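Protein chains in written order, with the numbering used here: chain A, 1320 to 1756; chain B, 48 to 349.
Simulated from the structure, these hints should not be mistaken for lab results. Because the structure is a prediction, the values reported are computed rather than measured. Beta carbons are placed, not taken as given, at the ideal position from N, Cα and C, and that holds for glycine. Hints should not be assumed to be uniformly reliable.
As the list claims (entries may be wrong) - Ranges of calculated distance between the beta carbons of each label pair, as one might list FRET restraints:
id : chain 1 : residue 1 : chain 2 : residue 2 : range
1  : B       : PHE79     : A       : LEU1598   : 50 to 58 Å
2  : B       : GLU112    : A       : GLU1635   : 40 to 48 Å
3  : B       : LEU81     : A       : ASP1452   : 43 to 51 Å
4  : B       : TYR167    : A       : GLU1466   : 19 to 27 Å
5  : A       : ASP1579   : B       : TRP124    : 37 to 45 Å
6  : B       : TYR106    : A       : PRO1634   : 30 to 38 Å
7  : A       : GLU1360   : B       : TYR106    : 42 to 50 Å
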Amino acid sequence: MQTRKLSRILLAVMILLLVGALPLMAQDEGEVQELGTGEIEINFWSGLGGPDGQSMTDLVTRFVEENPEVTINYQILGWGTFFDKLSAAIVAGSGGPDLMTLWHSVVPQYALTGHIMPVAEQMFNLGMLDKDDFSPALLDSVSFDGETYPVPFDNYGSGLYVNTRLLERAGISFDDPPENGEEFIEYLRRLTWDENGNTPNDDGFDAENIAVWPLSIGWNRVTVTPALYQWGTDVVTPAPEAEVLIDNEAAKAAVQYFHDMVFEHHALPGVNWNGELMLNDGIAMYLDGAWTYNFYNTNMEDGQIAFWPYPRLGPERGSTIMWAHTLAVTSNIEPDVLDATMRLIQFLSDNSREHSIKTGMPSARLSLRDAELADLIWTFDTLTTQMAAEGVPEYQSERFTEVENIMGAAYSSIFTGQQTVEEGLDDAAQRIRRALR
Amino acid sequence: MKRQAANASWTLTNKRREALAGYLFLAPYLGFFLVFLAGPVISAFVTAFVEWELLRGTYRFIGLENFQLIMEDDLFWIALGNSLYFAVMTTVGNVVVALFAALALKSIRLGHTVFRVVMYAPVVLSISVIGIIFSRLLAPFGLLNAGLELFGHNGFDYLADPNLVLPSLSLTTIWWGFGFPMLIFLAALYAVPETLYEAARIDGAGRRQILWRVTLPLIRPALLFIIVTQFIAHIQVFGQPYIMTNGGGPGYSSYTIVLHIYRNAFSYYHMGYAGAMALTLGVVMFIFALVQFRLLGRYTEY
């Protein structure tokens, strides 16, 4: 009798656990939100999630309120599966989006194969947007055969989030960011503490028991690529030429710098680290993209977190990487839907300043980056100043997804000690050349 | 004479009717089989011999060129090696854990049903849920390392250490899936006549001898079934590395063959090349299954 009662209780617990796991299952995919009740239907797929996604949803909702003849079937998809689903839908010819968000780096995949149209060019010609209001380098990165394809929505880069409490503890002034690679390494040494409070500059430093790491990195793509520019190179040259550069000596020197941070200076705790540690003073600096602004802005108190430009590490130049989420339109869109879609793009672009305030992601429209934003967003001034002076758009390729996966694995192999820099980059170059054949 | 002929014709019609009814009952399954299994298999076979680039829109017959590319593709061989390592490790682990769980369940009386439910429960969870739970559990600051810290150990970076990542995914999979083979073993154990155990005990056999000389030989058909099906399932591992190691990391340490096929088909759109790899994997699995049948089947008493 007792056994039966116990098994019933356990069954109930199991059912509760399984039901409790349902939200985890539900996180997988976003559902389609039907916004508005108008006759013209626009299918809009967005990869923007979190605060970016919320801000975009707010804008889209406002557009349908102001344009009652339009219904927007709005779907947020995680970036992890976004491109797989998008490409499948585009190729199938139905069920796909009319409007979609694309990283500027993947645009050649869809533009050079004729799956998206030069909507930006059309909007410039119609006077709906001003071409001169966008960074020429950015527009150039999404233009092919003299036509600009998608409309850049935002424009962001990477930089160094710094824990001001730990800077103070190390005796480093926020007004004194590192000026070169050697100084950056010295800063890293001063910002490392073991369990006993010793730094690598002290006798008795215990490298096996580090309490505060000096640096963490969000994404190798964000961290290492700007260093490639600083050594005067890149992964590949822009599409459609796409010459592979990643196995040249300059690229190897840039990656070696980060390799040495992990294995020689013990400054970087390898891969899969977490910027959340900043909240508990577990890391002093976090090298990541503009999107992390919101996380720190929400979770840290004013004055505890600040932002430095991407540090000058290499011999050739200073740099940060430049990215953009762009708004692209499929080639097979119906004419009446195209008209409404262009109005939606114009609306989103015109209101991208509001998006900046909510997310920290600067607008791609230069006229919408006013001085007032620097008071509202603590990363804004540093980020936009460096982008304007030293920003380099990330390489693009018709095979971007494949090249990016190869590079991600190569960095991971090198920074976990599976391969030397030479081996990892030579293998990667060989695989990229094969992919681009 | 006429009546006899009429009867014969009636009988034939009746048989035909019966046959027709049979086919009608089969029709739904046959329909699904043709559309969702036979069709895709034939299509995949044809795809293996064409260059089919979805985004570029190319489709042309290229004979065996895709198979030549497989020979040159180092990632194919790295992924196949990882998949085989994972499949062997997980199959062995699953068989051992499931067998001992089944033996334990058969020997206890109190709470038998409860434990059976509890042990089977993880099977009903999806890989997304398992992946997310174990990613957190095995994270550098996860529960497992927190437990080790109580004993003064700094713990491990299970999913970022090239040597630990596949065993970690394997352990996750065993925890997730041992409930199913456990039930098969349990059914097989109950099918062994109790009189054989009594006879063995009367002859003075100990527990270990009974296990090796009576139980295992008599449940060998179930063992063979589990080994073959588990191996086929685990060599196709996909969800665990896709979710838990960011698609095969660190580096290519947990990059598996189905991930490689998936990426080529649905991320890079080399459909023909992916088809050729799928066909090659099918052949590899067939060979391994055949070897397992040969090795284990000859000693099996049905």
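Which hints from the list above does the structure break, by number from lowest to highest? Per hint list: 3, 4, 5, 6 and 7 violated.
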